[in-house]
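So the sequences go chain by chain: A and B. If you read the first sequence in our numbering, its first letter stands for residue 1, the second for the next number, and so on. If you read the second sequence in our numbering, its first letter stands for residue 80, the second for the next number, and so on.
If you're looking for bench data, these hints aren't it; they were derived computationally from the structure. Each residue gets a CB set at the ideal place from its N, CA and C atoms; glycine is no exception. One should not assume that every hint holds.
Derived list of chain A stretches under chain B, where covered just means 3 residues or more per stretch with a C-beta under 8 Å from a C-beta of chain B [as the list claims (entries may be wrong)]:
1. 12-23
2. 26-37
3. 68-79
Calculated cross-link-like contacts (lysine to aspartate or glutamate; reagent style EDC-like; alpha-carbon spacing at most 20 Å) [what the hints assert, rightly or not]:
4. A:Lys17 <-> B:Glu600
5. A:Lys8 <-> B:Glu600
6. A:Lys74 <-> B:Asp372
7. A:Lys47 <-> B:Asp498
8. B:Lys597 <-> A:Asp20
9. B:Lys187 <-> A:Asp20
Derived Cβ-Cβ restraints for the label pairs, each shown as a range [unchecked claim]:
10. A:Asn63 <-> B:Gly482: 47 to 57 Å
11. A:Arg79 <-> B:Arg411: 38 to 48 Å
12. B:Asp371 <-> A:Ala78: 26 to 36 Å
13. A:Val58 <-> B:Arg103: 36 to 46 Å
14. B:Asp375 <-> A:Ala78: 17 to 27 Å
15. A:Arg79 <-> B:Gln444: 51 to 61 Å
16. A:Arg79 <-> B:Glu600: 33 to 43 Å
17. B:Pro471 <-> A:Ala78: 57 to 67 Å
18. A:Ser3 <-> B:Ser412: 29 to 39 Å
19. A:Asn50 <-> B:Ser380: 48 to 58 Å
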Amino acid sequence: MISERMKKVILRALRLKEFDLRDETRAYEVPGWDSLNHVVVLAAIEKEYNLRFRSHEVLPLSNIGDLQALVDRKMADAR
Amino acid sequence: MGTRKECTVRDKLVYHCWQNHAIRYPGNEAIVHWDALGEPFRWTYGSLLDVSDTIACSLIRSGIETGDVCALILRHNKFFYPTYLAIAAIGAIPAVLAYPNARLHPDKFVHGMSGMLERSGLDWILTEKDLAPVIDPLTAAGQNRIKGILFPLEWTGSARTGNRNSLPIGKRRDTLDNASPFLLQHSSGTTGLQKAVVMSNKAILDHVNNYSAAIGLSQHDKVVNWLPLYHDMGLIAAFILPLAFGIPSIQLDPFQWVTAPSILLHAVTREKATLAWMPNFAYVFLADRIPDDELDGVDLSSIRMLINSSEVVRGESHEKFFNRFVKYGFRRSALSTCYAMAEATFAVTQTPPGSDAVSLAVDSQALAKRKVLPARGVGPSKLCVSSGKPIPGCSVKISDKDGTEMPDDRIGTVLIRSDSLFDGYMNDPEKTRLSKRDGWYISGDLGFIHDGECFVIGREDDVIINAGRNIFPEDVEDAVNTVPGVIPGRVVAFGVEDAATGTEKVCLAAETPYLTEKEKEALKLAVKIAGMAVDVTIQEVYLVPPRWLIKSSSGKPSRKTNMARILSGDITRGGT
């Protein structure tokens, strides 16, 4: 499930005060999260969690739940 | 291997070029269909034409006639290319349209398509099965002349690999001459207001000959492209041009590129690509958005021209790109520019190969008064970048509002004359009449000439150019007018230069009776969501009280006046 930390990072990157983000939410459903801003959101998450995404990891992501799962996996690998 | 001189086509039809390459060099690579998650698929001229001919048979069996306009609405797929060629092979007219973005509301897509069907005279839609539920109402309505919807990606067996001599494809082409229409393309823009132009075989062949001379095209060249093929720059420069000359192009998925921009640079490295075209924002996007560790092994030394076109060229963006990628072998002389539009087939002006675009530092205050004065070192200045000189077969001049030609260093409307100029907008004689004066096309772009170089600095009208895409403000305003809390008709959308992204950002001001911060925050979000329904990201929303927006003489709120008022800081007096 999407964490509060992840939610805050995404909203801050998109300069949104509030938006109902859920696991099944897709980027195109969120105001401001268009194709050009996608890398801005990913960069903000990388900075927050101090990790790096690779192209082959982010291309198949289909919703926020996938993104959270990827972050969780990379954090676990780093430990 | 050929030389520049050999890079000329003398065929009657564009199809004949492809056919000649397939006969003479069947094993030569035509298109490398790139997939960042797998191995690329490599079409040779032989295999491409083979599959194209069999698809052509299926198109004939489906009832497509010579001269029918066939809209292609497909995502990145290796069968897009032979399908495009197949439509041309039977004398029908291909028109590439954007597959609807998931953000675009289906009703808006259907509305836009209905307008396009009416104006562009589309006869057939070739698309993916997934789109059928959205697109079916267009045929059910019975209000347009659409002849059918086909799903070519579903075709298997003989529809794709059958006996290609079973139907007289060649006889279809025998009825064509080089005045026959070859393709239909739309002036870039939001769906509802796109204008369709048809280009003949002659216009295309003249253009590729003239443009190839301007860029010194040779058989050593290899094009790499991430642009969507519904965009004239992607279609003509990165698809039609290389195919006409029998050179390879590497076609990337635009959605993969924008998610992982480094794939372009890895494709350049692996394929040793020499040419690419991009809008200005992409220079900043690539320079800013790729971490160093994704650039391991990247070598950009093969690129001889990276051509900036489709939006205002910004000197700062070029510098940023060069400084970031010089250590990966990128040469300054590859920073090329071009001024282009669908109405002129594509290119109008181009910088020469082997030297970067000329820059001119000018006084910003004089520029605002439509004068070009060299920057004096005091006061604000702007670095204008030349889009080069007219290519063979093209002329450019600058005129004032009355049509009088202006001397060098005076800002006015850019007028264009070209061997490959469109005859008119399809089914729109009024817009056609207004678009030309004494054989010159009135571009609507603002620019000036300096030492024979053409500098384009913006638009005369209110069109917003965001990331190479033309956005008509009225489309955004219409979408926002219906948002509860916004006073209908009291909305203006406008573009504001954003140096950080190298393009214009979409801003919107709306009058509202709401007073509390909570109401206003909710309204700002609703306005942004309304923009999403027309596939526009509204980056800034300014809410102002009733009667705050200044009206123009037409009685509607003036975009330019209100934008200036907001940017001057006047928003703080009553607005948020």
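These are the hints, each one checked on the structure:
no.: 1; hint: 12-23; verdict: holds (count 4)
no.: 2; hint: 26-37; verdict: holds (count 9)
no.: 3; hint: 68-79; verdict: violated (count 0)
no.: 4; hint: A:Lys17 <-> B:Glu600; verdict: holds, 8 Å
no.: 5; hint: A:Lys8 <-> B:Glu600; verdict: holds, 17 Å
no.: 6; hint: A:Lys74 <-> B:Asp372; verdict: holds, 17 Å
no.: 7; hint: A:Lys47 <-> B:Asp498; verdict: violated, 53 Å
no.: 8; hint: B:Lys597 <-> A:Asp20; verdict: holds, 16 Å
no.: 9; hint: B:Lys187 <-> A:Asp20; verdict: violated, 24 Å
no.: 10; hint: A:Asn63 <-> B:Gly482: 47 to 57 Å; verdict: holds, 55 Å
no.: 11; hint: A:Arg79 <-> B:Arg411: 38 to 48 Å; verdict: holds, 45 Å
no.: 12; hint: B:Asp371 <-> A:Ala78: 26 to 36 Å; verdict: violated, 19 Å
no.: 13; hint: A:Val58 <-> B:Arg103: 36 to 46 Å; verdict: holds, 43 Å
no.: 14; hint: B:Asp375 <-> A:Ala78: 17 to 27 Å; verdict: holds, 20 Å
no.: 15; hint: A:Arg79 <-> B:Gln444: 51 to 61 Å; verdict: holds, 58 Å
no.: 16; hint: A:Arg79 <-> B:Glu600: 33 to 43 Å; verdict: holds, 39 Å
no.: 17; hint: B:Pro471 <-> A:Ala78: 57 to 67 Å; verdict: holds, 58 Å
no.: 18; hint: A:Ser3 <-> B:Ser412: 29 to 39 Å; verdict: violated, 49 Å
no.: 19; hint: A:Asn50 <-> B:Ser380: 48 to 58 Å; verdict: violated, 34 Å
The structure does not agree with the numbered hints 3, 7, 9, 12, 18 and 19 stated previously, though it agrees with the rest.
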